[in-house]
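Whenever a hint applies, use it, and build me the whole structure from the sequences.
In order, the protein sequences belong to chains A, B, C, D, E and F.
Mapping of the first sequence onto the UniProt record's numbering: position 195 corresponds to residue 195, and the numbering continues sequentially without gaps.
Mapping of the second sequence onto the UniProt record's numbering: position 27 corresponds to residue 27, and the numbering continues sequentially without gaps.
Mapping of the third sequence onto the UniProt record's numbering: position 137 corresponds to residue 137, and the numbering continues sequentially without gaps.
Mapping of the fourth sequence onto the UniProt record's numbering: position 105 corresponds to residue 105, and the numbering continues sequentially without gaps.
Mapping of the fifth sequence onto the UniProt record's numbering: position 84 corresponds to residue 84, and the numbering continues sequentially without gaps.
Mapping of the sixth sequence onto the UniProt record's numbering: position 14 corresponds to residue 14, and the numbering continues sequentially without gaps.
FYI, nobody ran anything at the bench for these hints, they're computed from the structure.
Errors might be hidden in some of the hints.
All copies of an identical chain are treated as equivalent in the list; a pair is satisfied when it fits inside any one copy or across any two copies.
[Stated by the list, open to error] Derived pair list, reagent style PhoX-like, types lysine-lysine, alpha-carbon separation capped at 25 Å:
| hint | residue 1 | residue 2 |
| --- | --- | --- |
| 1 | K103 | K74 |
| 2 | K134 | K258 |
| 3 | K146 | K241 |
| 4 | K134 | K118 |
| 5 | K118 | K183 |
| 6 | K103 | K118 |
| 7 | K294 | K158 |
| 8 | K294 | K266 |
| 9 | K41 | K183 |
| 10 | K77 | K103 |
| 11 | K42 | K183 |
Below, each chain spelled out in residue letters.
Protein chains: 6
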Amino acid sequence: MINSVEKASVLIEALPYLQRFSGNTVVIKYGGNAMLNDELKKNVIQDIIFLKYAGIRPVVVHGGGPEITGMLKKLGKESSFVSGLRVTDAETVAIAEMVLVGKINSEIVKLLNFLGAKAVGLSGKDADLIIAAKHLAKVRENGQVKEVDIGFVGDVLKLNTSIVESLLDQGYIPVISPIGIGKDGATYNINADYVAGDLAAALGAEKLALITDVEGIYRDYKDKSTFVSTLSLAEAQEMIKTGGIDGGMIPKVEACVKALAAGVAKTHIIDGRNPHSLLLEIFTTEGIGTEVVKYRRYING
Amino acid sequence: MINSVEKASVLIEALPYLQRFSGNTVVIKYGGNAMLNDELKKNVIQDIIFLKYAGIRPVVVHGGGPEITGMLKKLGKESSFVSGLRVTDAETVAIAEMVLVGKINSEIVKLLNFLGAKAVGLSGKDADLIIAAKHLAKVRENGQVKEVDIGFVGDVLKLNTSIVESLLDQGYIPVISPIGIGKDGATYNINADYVAGDLAAALGAEKLALITDVEGIYRDYKDKSTFVSTLSLAEAQEMIKTGGIDGGMIPKVEACVKALAAGVAKTHIIDGRNPHSLLLEIFTTEGIGTEVVKYRRYING
Amino acid sequence: MINSVEKASVLIEALPYLQRFSGNTVVIKYGGNAMLNDELKKNVIQDIIFLKYAGIRPVVVHGGGPEITGMLKKLGKESSFVSGLRVTDAETVAIAEMVLVGKINSEIVKLLNFLGAKAVGLSGKDADLIIAAKHLAKVRENGQVKEVDIGFVGDVLKLNTSIVESLLDQGYIPVISPIGIGKDGATYNINADYVAGDLAAALGAEKLALITDVEGIYRDYKDKSTFVSTLSLAEAQEMIKTGGIDGGMIPKVEACVKALAAGVAKTHIIDGRNPHSLLLEIFTTEGIGTEVVKYRRYING
Amino acid sequence: MINSVEKASVLIEALPYLQRFSGNTVVIKYGGNAMLNDELKKNVIQDIIFLKYAGIRPVVVHGGGPEITGMLKKLGKESSFVSGLRVTDAETVAIAEMVLVGKINSEIVKLLNFLGAKAVGLSGKDADLIIAAKHLAKVRENGQVKEVDIGFVGDVLKLNTSIVESLLDQGYIPVISPIGIGKDGATYNINADYVAGDLAAALGAEKLALITDVEGIYRDYKDKSTFVSTLSLAEAQEMIKTGGIDGGMIPKVEACVKALAAGVAKTHIIDGRNPHSLLLEIFTTEGIGTEVVKYRRYING
Amino acid sequence: MINSVEKASVLIEALPYLQRFSGNTVVIKYGGNAMLNDELKKNVIQDIIFLKYAGIRPVVVHGGGPEITGMLKKLGKESSFVSGLRVTDAETVAIAEMVLVGKINSEIVKLLNFLGAKAVGLSGKDADLIIAAKHLAKVRENGQVKEVDIGFVGDVLKLNTSIVESLLDQGYIPVISPIGIGKDGATYNINADYVAGDLAAALGAEKLALITDVEGIYRDYKDKSTFVSTLSLAEAQEMIKTGGIDGGMIPKVEACVKALAAGVAKTHIIDGRNPHSLLLEIFTTEGIGTEVVKYRRYING
Amino acid sequence: MINSVEKASVLIEALPYLQRFSGNTVVIKYGGNAMLNDELKKNVIQDIIFLKYAGIRPVVVHGGGPEITGMLKKLGKESSFVSGLRVTDAETVAIAEMVLVGKINSEIVKLLNFLGAKAVGLSGKDADLIIAAKHLAKVRENGQVKEVDIGFVGDVLKLNTSIVESLLDQGYIPVISPIGIGKDGATYNINADYVAGDLAAALGAEKLALITDVEGIYRDYKDKSTFVSTLSLAEAQEMIKTGGIDGGMIPKVEACVKALAAGVAKTHIIDGRNPHSLLLEIFTTEGIGTEVVKYRRYING
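In structure tokens, the structure reads:
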């Protein structure tokens, strides 16, 4: 049982954060376990609504790999992979789009509205939000790096954010599927971390928060004792170069790097397996996950 | 070859319609063959963009029955029907939503943007646009009408149109999937004709245009010589009551009736199999399909 | 020590209140010990700033009896009292105004700004905010009630709230001294509880919170065991009539009654001697002080 | 008889032009036969209204030489000419102003409003729209060019376009008489082609269309076979210098040159003797008259 | 020589009028000698600009009978009269329009702008400002009143004041010629007093000031000693009925009556032969001309 | 007695000033006898209201030395002085604030509102309007200048004028007490002349008018025959340097110099002992007091 004095202390602890973030944009990449476990899902939705009512402008970008895989399986569609990326033919990208836009996005929008927000789902096709270009997989062959066409996997080429900003200005929470539209009219599936990082940059966000399934970043990802709570931009770039970062973590760190370079104040990799980690990260002094910042003040790794 | 004088005459024929519709809202139900044939599809998209640039505020509601059926088949999901309506369990409505929102809506939005408009897709879940209630199928049994629960098939309960109006005010073309959200959070598939009729009513539209695959309405639908080009509200209601209208046409006529009752000036059932029938209906004196109006000036059935 | 899980639970407990009060006006009467004790003062100031950053529009009305008495004493000015009200000649009201406007109001404004808000002080003379009329003291003499002129003590005659609303719309916190201006140009000192109640009514506030030095209301104010946490409008009126309420509490309860009658949803008498009682009352389920509401749902007295 | 398919093809031919000109300003110099023949007059008025309802912002500048000459004759006022320009004393310019502002402008405004637009007439005196300076006629005498004062004939010195822009923003069609006001308060009659060109430049118009009584420009104006449908800015300047352009055509070409130099995208000299030539020029692929553009893509002279 | 103390007293005398008229609309009928004499003309123009800079929204309606008569004479056009009204054929009304719009209006606009205002001229055709109907002259024949068609003399049928209000809102002074447009497209010449009265009514003006060439109203217009400085609405109506008012004064008094009935606070008939009579009437306590008011406070006739 | 012609001439004399100052900001330092004498007080208040209704945006800064001294005396608080500045301990500055904000400011606001304006009082603490720093007194000791701490006497460090501009935009007259807030939260008393000069600079005022108790500036302040009606910026700076200006006049001249340097067009030192000197200075050609301007056109000292 928490008593009145304690309750008051928690609320007052939140006050400087309320003041600092008031009116600012925060981009949240929502993915991993926090999308699959019903209780965690409810927690994240509540956290986003809390942000909204605390005067913040939250923008949600979601992933959905496991559900796409599930649907491909149901439809008897087999996938091959190149350098960890799914070879994505026209049928596959159509299925990915259907699942992301027509299932996952719809579900997040529904939950946000059900708990009292006003959310609107967007895909990158809406108002040409995400213009994409084909992403070529890098394959190391005979000591050389070759680029391989793996189909409709895309990179963000350009963001037309006016639809997002107009929805934010009117009090809506935009929920965005990482589907891009090519200049040739083709549909592209894009890594949601990159979309979130680029959006944070383009919107001049105050913060980028990537919700994932790990505790954060380790100096040596094979050694849990090397956990880092704060990483500078330079250190992050160094770790990418030297391969100190685990494969799945690379797009996350690269998204942080891109956002920071564009002026976003802070980026965070948050462990979505802990309830309300987003809320705690933003409104308390608790150390949650790893923050990547332009310059590090002190070392606590 | 059309010469200059003829071209000028066509443009000038359009002038009174340009003047009359300027600044008004037109709701278009887009369905049938015009969604499947690539050439017709392009025609409809061009027509909608023409409306937009002629100062009209077009709102698109789309259907998608055949594509839903196709996907259910691919997923090995069999359907049973009651009174012509598909029995729709939770899995079925999820697939319907995925196809409508993640495939058909996305495709229409993409085409509109590709040809120079700014379109944004919406489902009834976005900003709680379409609040739905369970629709009970009416079954005649032993001379009595019984209501039967057929799952997640919905009726429009309430429309929260502010997201649609705000998008229109900013110059976007809203494209809407006929998916509703129940007060209990359940997803409902709704007949797109009804959604279009209710939207036309709620938005105070000037016109409702239902694009379909038939020439229009017949006094006796088994006798093609009884084609009607203009029908009054009263006649339409009478024909519904007496069963003079074909099953598939009933929701269309009911949508017209509802829109007219709410003050929409004119409603149209347009044959989408003819190229640019929407454009011709709005900007020329050509008689296209059947118009249902509050009061009929003269009889031409 | 409060752990992460507990912190999250406190914040999430606040969410429904954030949602409910978002964009609404709350009028706070700030008086009593919470104005004299430096720690309590800082707490109240933080609470008000918290409200502001939580999307609420706080309006502060302050009292200042003890400080006025102190200054009168310093200036060698003696006071007489009629029915508990100070006989207030022109010199006295000028001193009261000087202390309220030039000392107490200035101090509150300074503290709010120092902790990060944008506050602006107002007296009832600014933009003719508080139009006052002379208040006549009621004296019981020989079994009859006579009205006695006690000088420049005023009642609220009319409120011109546009300056308050315009400051609120621009994000300022208005801090108001209970000084009124007569139609004849005379200055009147008004009970701050009444000013707060009338302002809550005139502004269509969602809540009126009166910070005072007692726990709340007792059914029998001589018996502490008769504490009431919820009182209905009817009960409050009855208690005033039957004399069940202590003298000092009467203006507070009357202010609540007036605000409720004008449509304010809830009014509260809060014990300012407990730290952050305002914050706890608004953002938690804690039972703080006595609430006076239009209709009581259940009895817990 | 034009059938449905042909009608649709004409409308769709107009679509790219609707898209391109939407929201842009088009300045139309209205003069010549199209002002005198009632049928042609109605055509031009309809064309301008069509532009308006197609989302364009039309601005009309009119001439009126023949009507001024007629009124001078009626009043028994004889004119002398220097280098083709009328010597204009104070009485003459007053008559010119009366005819232009009180007769021709009024008539155009009336017709536009009668056919459903909202037009407002302006002279250069309204809100000091056209500040003028005296134009000196150039006379060749003994092989030298001398400047001769011919009275109240003016050049555009400065345009105060805010009244025009404000009327456009509110949906009015401004109709402008080519009367200027000198810094000394004197009235000046200005060539309407120059006023139109300068206005197109000052308003950042997309197009300048000069309606006249000839087919267009000829490389050698004495040889009809040398008709030019597209002329580059450089070619136009060269033709003026070398005298390849007919006297009456010089101000038109100079107006085009000035507008193009200021960033107007295209200028057109249109044959007003053909019905709806303005409409055809803007909304069809028909080759109407001569266009003068910054750079010519191909030669078709 | 006026000394400082006197100057200050005149300015302070104006203060209550500045306060009372601030932001209000005043309609001024400008006619008579004050239009012909250059010094008086300059005075009136200065007075109007003074009003504008004193925070008033002046609207000017002008007459021009003498100048029309002059031009008709120059053009050898003879006029006949019925009941004091000129029989006005199409040619005559065209000349009247030319003189009013193209000469007198232009001149007033020029002078206002020259002295530092921003004026815009309007005729009743601009934006369909004055919709007119044919006025039938009343002729007494054999003891009966017959209506006689005298051509294009009009009555105000309807005023579309939005162009006037929009110009006022943007700080322009509208100057209006009393030319009306019939529903059939015909041009009508209307008495400027009636136009001014109707405009004052339609605009909700605070005051109507009619500048004329007489001292004001006399109870018996043949006896100068019966001058009236204040007349009530009822008295004015009575005087019209009993023929106590001179022919030329009738439209002025009727204009006042109509404006007062529609809520205009005060109407004035001002002697334009005295310099700055408009300014003195509005900003001083001087008794200028005759005021016609709803109710008279005291009698001074 | 002033006759009509004279009245008109005074009003017309004001016209160019009305035109020039329309929409501009004028900062008025209100001090000296004009604050103590009831008749002069009323005059100044009327003058300020006249400015307001003449389309000017007046801002009032007031002093109050004598009243502060009076209150200190009443409270038995003795003062010492260093270089003419009062040594101001915490108690003294609190009393100064009380008198300035709670008495003098309140009184001015009341009078302005009573005579028909809408005034709002501000202290430098409201919305952190005046950020102050400690002013160190300069003391000449043994031929050297030493800086001495004399307590809570302040200099303007920074002005946050948005509250002033927002009140002006909404038609309020801001009345400002010269109390500043230190970055440490301490209260500072500041010379009102400096506050007025800095405000004029920060607001981009057109004029700064300092109402005082002397005729103006003398070249030699001991010789009344050396009165100067116009002083250039350079001359003023020279006179300060050479000690040609009387002690009490120094802050006034320095305020003028600072305002002029920041782009204020004209500054004035006005003799408040003459009735309506502010009005006469602004709206007539009368020579009132001394104007300090950037460059002097002619010498009249």
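Hint check results:
In this assembly of identical chains, K103 and K74 lie within 25 Å of each other by CA distance both inside one copy and across copies; the values are 15 Å within and 17 Å between. Taking the shortest Cα distances, K134 and K258 sit within 25 Å of each other inside one copy (19 Å), while across copies they are farther apart (46 Å). Taking CA atoms no more than 25 Å apart as the test, K146 paired with K241 passes inside one copy only; the shortest distance there is 18 Å, against 61 Å between copies. For the identical chains of this complex, K134 and K118 are inter-copy neighbours only, at 23 Å across copies versus 34 Å inside a copy, given an alpha-carbon limit of 25 Å.
In this homomeric assembly, K118 and K183 come within 25 Å of each other (Cα to Cα) only across copies, at 15 Å, whereas the closest approach inside a single copy is 31 Å. Taking CA atoms no more than 25 Å apart as the test, K103 paired with K118 passes in both settings, with 18 Å inside one copy and 24 Å between copies. For the homomeric pair K294 and K158, the shortest alpha-carbon distance inside one copy (24 Å) is at most 25 Å, but the shortest distance between copies (31 Å) is not. For a Cα distance limit of 25 Å, the shortest separation of K294 from K266 inside one copy, 8 Å, qualifies, whereas the shortest one across copies, 47 Å, does not.
Proximity of K41 to K183 under the C-alpha cut-off of 25 Å is restricted to the inter-copy arrangement: shortest distance 20 Å between copies versus 35 Å within a copy. Proximity of K77 and K103 under a CA criterion of 25 Å is satisfied in both settings, with 19 Å inside one chain copy and 18 Å between copies. Proximity of K42 to K183 under the C-alpha cut-off of 25 Å is restricted to the inter-copy arrangement: shortest distance 18 Å between copies versus 37 Å within a copy.
Going down the numbered hints, you'll see the structure goes against none, and every one checks out.
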